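Protein sequence lines correspond, in order, to chains L and U. Number 119 in numbering that gives the first Met the number 0 belongs to position 120 of the first sequence; there are no gaps in the numbering. Number 61 in numbering that gives the first Met the number 0 belongs to position 62 of the second sequence; there are no gaps in the numbering.
Please note that a few of the clues may not be correct.
To be verified - Partial pick of chain U residues on the chain L-facing surface, computed with a CB cut under 8 Å:
(1) LEU104
(2) GLU210
(3) PRO215
(4) ASN243
(5) THR246
(6) SER360
(7) PHE377
(8) GLY394
These are computed hints drawn from the structure, not numbers from a lab. These numbers were taken from a predicted model, which means no experiment stands behind them. Each residue gets a CB set at the ideal place from its N, CA and C atoms; glycine is no exception.
There are 2 protein chains.
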Amino acid sequence: MLEQIGMAAKAASYQLAGLSSRAKNRVLEKMADRLEACASAILKANEADLAQARQDGLSEAMLDRLALSPARLKAIADDVRQVCRLTDPVGQVIDGGLLDSGLRLERRRVPLGVVGVIYEARPNVTVDVASLCLKTGNAVILRGGKETYRTNAAIVNVIQQALQACGLPAGAVQAIESPDRALVNEMLKMDRFIDMLIPRGGAGLHKLCREQSTIPVITGGIGVCHIFVDESMDIGPALNIIVNAKTQRPGTCNTVETLLVHEKKAAAFLPALGQQMAESGVTLHADSTAQKWLSTGPAKVVALQPQTLDDEFLSLDLNVVVVADMDAAITHIREHGTRHSDAILTRDMRSAQRFVNEVDSSAVYVNASTRFTDGGQFGLGAEVAVSTQKLHARGPMGLESLTTYKWVGIGDDTIRA
Amino acid sequence: MLEQIGMAAKAASYQLAGLSSRAKNRVLEKMADRLEACASAILKANEADLAQARQDGLSEAMLDRLALSPARLKAIADDVRQVCRLTDPVGQVIDGGLLDSGLRLERRRVPLGVVGVIYEARPNVTVDVASLCLKTGNAVILRGGKETYRTNAAIVNVIQQALQACGLPAGAVQAIESPDRALVNEMLKMDRFIDMLIPRGGAGLHKLCREQSTIPVITGGIGVCHIFVDESMDIGPALNIIVNAKTQRPGTCNTVETLLVHEKKAAAFLPALGQQMAESGVTLHADSTAQKWLSTGPAKVVALQPQTLDDEFLSLDLNVVVVADMDAAITHIREHGTRHSDAILTRDMRSAQRFVNEVDSSAVYVNASTRFTDGGQFGLGAEVAVSTQKLHARGPMGLESLTTYKWVGIGDDTIRA
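Just chain L, same shape as in the assembly:
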């Protein structure tokens, strides 16, 4: 079955690669319209998924991520219309010129071909990914979580109707609809058909993909993010940034998980932090030094367990570690970070420069919240994932990251000397 899906996707990708931006936008508009027009079928499938999920005892948080409503579906359709408005990178000439040999050479941006995406229980991802792939002329093979497979099947059915109404093959957007987990392992070996694989999920899925996939994989989306409060920083603004980075949306990958505090700042800063975190409802996981300054205050403080330094809380919890200096802060981030987003809060120019140069993360910030690491915030218009590896794309992945380039050489019966 997967072989057929792969062949259909590859065939469709050749057709998509030749489409103009206008033709691609036409499909996207049709897709948005049909998502609204077919809302009842999609919502019905979603209700069946929800009923099953309740029966399986999924948490309320999971049920909420899985649930669609007419309003949510409308918002999803509007996001597709938003993608229409983005600039299409395909066809752009990156660079080029006339070589001494007489060959006119240029690098031209082209679609990747077929993109594979493995994700969990969020039906909006199905539409997001499909629209970004279509906009860049890629075919896509989607593998959503088993909790949403009825919803995804209904959505993909609607997308395929839109494709066919525009004279394009249904193979351009396909879902692996069986909940059978063995199919994921099979998908990871489809290097003949899939050009890039994006797993969007937890550490286990990423490990599986890294170890088993024969397709180039982009991993990311796991953020053990740090904020380092330097000696020179003002307390008020520091607290303001920390509250934003921790509480604005605690379940996201760009939320801060560990605060590193300069030893010389600890006495002045930590009591104020305790006060503020008590107000913000954040539990502090403090190392023994930090506990000294925090234990008498109003904050909920627990003793730091080493393991929490290496995992995302995704909740209103924050590690607090006192470090001797900038070197210790950088060493800590190298050891425990996931190369996602890390920030320094400082008034010292040279400390800022050193931190930016030496912290090896996708995004490094000075006096700003880690919450900015996001395709929308970065002005990319949308994001297909957040990469924490270094090849191909790093950080929020916009439309450009769904393309590659080809070298086009035009000669006049030109040979190599």
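Following the hints, complete the assembly by docking chain U onto the known chain L.
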């Protein structure tokens, strides 16, 4: 042992990342000088490798690739000096601006970190790769073929002397010196330390890396390249290009392996091809249609075996296949090509455009030899490999492909709304 190599490389990479272009060029110059000054030690190690290789019955061609001489060593040192002259991409700002949120954001080009390279019996690759990695501030872990391990050890020893003379850690350039093959498998799992892996070798090595590596891999360097002779093409210039693409250096990956001839051109073109190929000493592997036009001529013609369509000859052999039209040619290339380099020879504008758009290869040519696919020819100054995959880098990989970028966000106590 590999764990120690990995840790030393990672530590060195942090130091290299902060070097100025001038400091990096100073190491490269020192390296070039010492390669010449220490020639006798390197040549002695090379003689020991050669003696062992003769004893093991290696072919003359292999012995030649393995052998160093004072002149070859001088040329290798001069190549290092050439790398000094290239523009350092590290530190360049790719794009950036002031976001609505007040965050000043830029994408800054930075080294990858640690690059791993697995290659075969060519000691010049050791120096090439080390110099390109140092130029871009990367540490490198080299794993050469077992036939050259003494030579590589001597070369790496000299490079490490140069590093230390400039106050830099020897961990910046390391070789896995034991010929034990099990170490390759171990190297493929070092994702904690190695950021990018480049296998330079045959299809078997690439398959091993794709299947076993947990590190992002760049595969390439295998070229089943095609030339399609369109109906409208002039015979003389076509033969000229084909001779260049086949015979200029038959052992390279950008050499043409299969000629696709438009059916309507066969009668006029194939007899002339036979004549020319007889003169050039090329054996033709002809399909049954082509045989009709070739068998009465002077060329050495054998019946095409299907398997030869999917493999590199790397010799003076050429498949000849008659195709019904452009569609058949493109389908053939999609089925049998390795997405390396493919060319059309035509006088028809629209045929040229269609071929360029629809052939999904790293390099596509119109009226030019496939032999141009090369970092030097493309003006990149040097190449670390030729990628035939689509992620990160495609085609000849110059200095830029040894870098990634980081997002740098400078705020003024800026939070996400």
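Can you list which hints this structure breaks, lowest number first? 5
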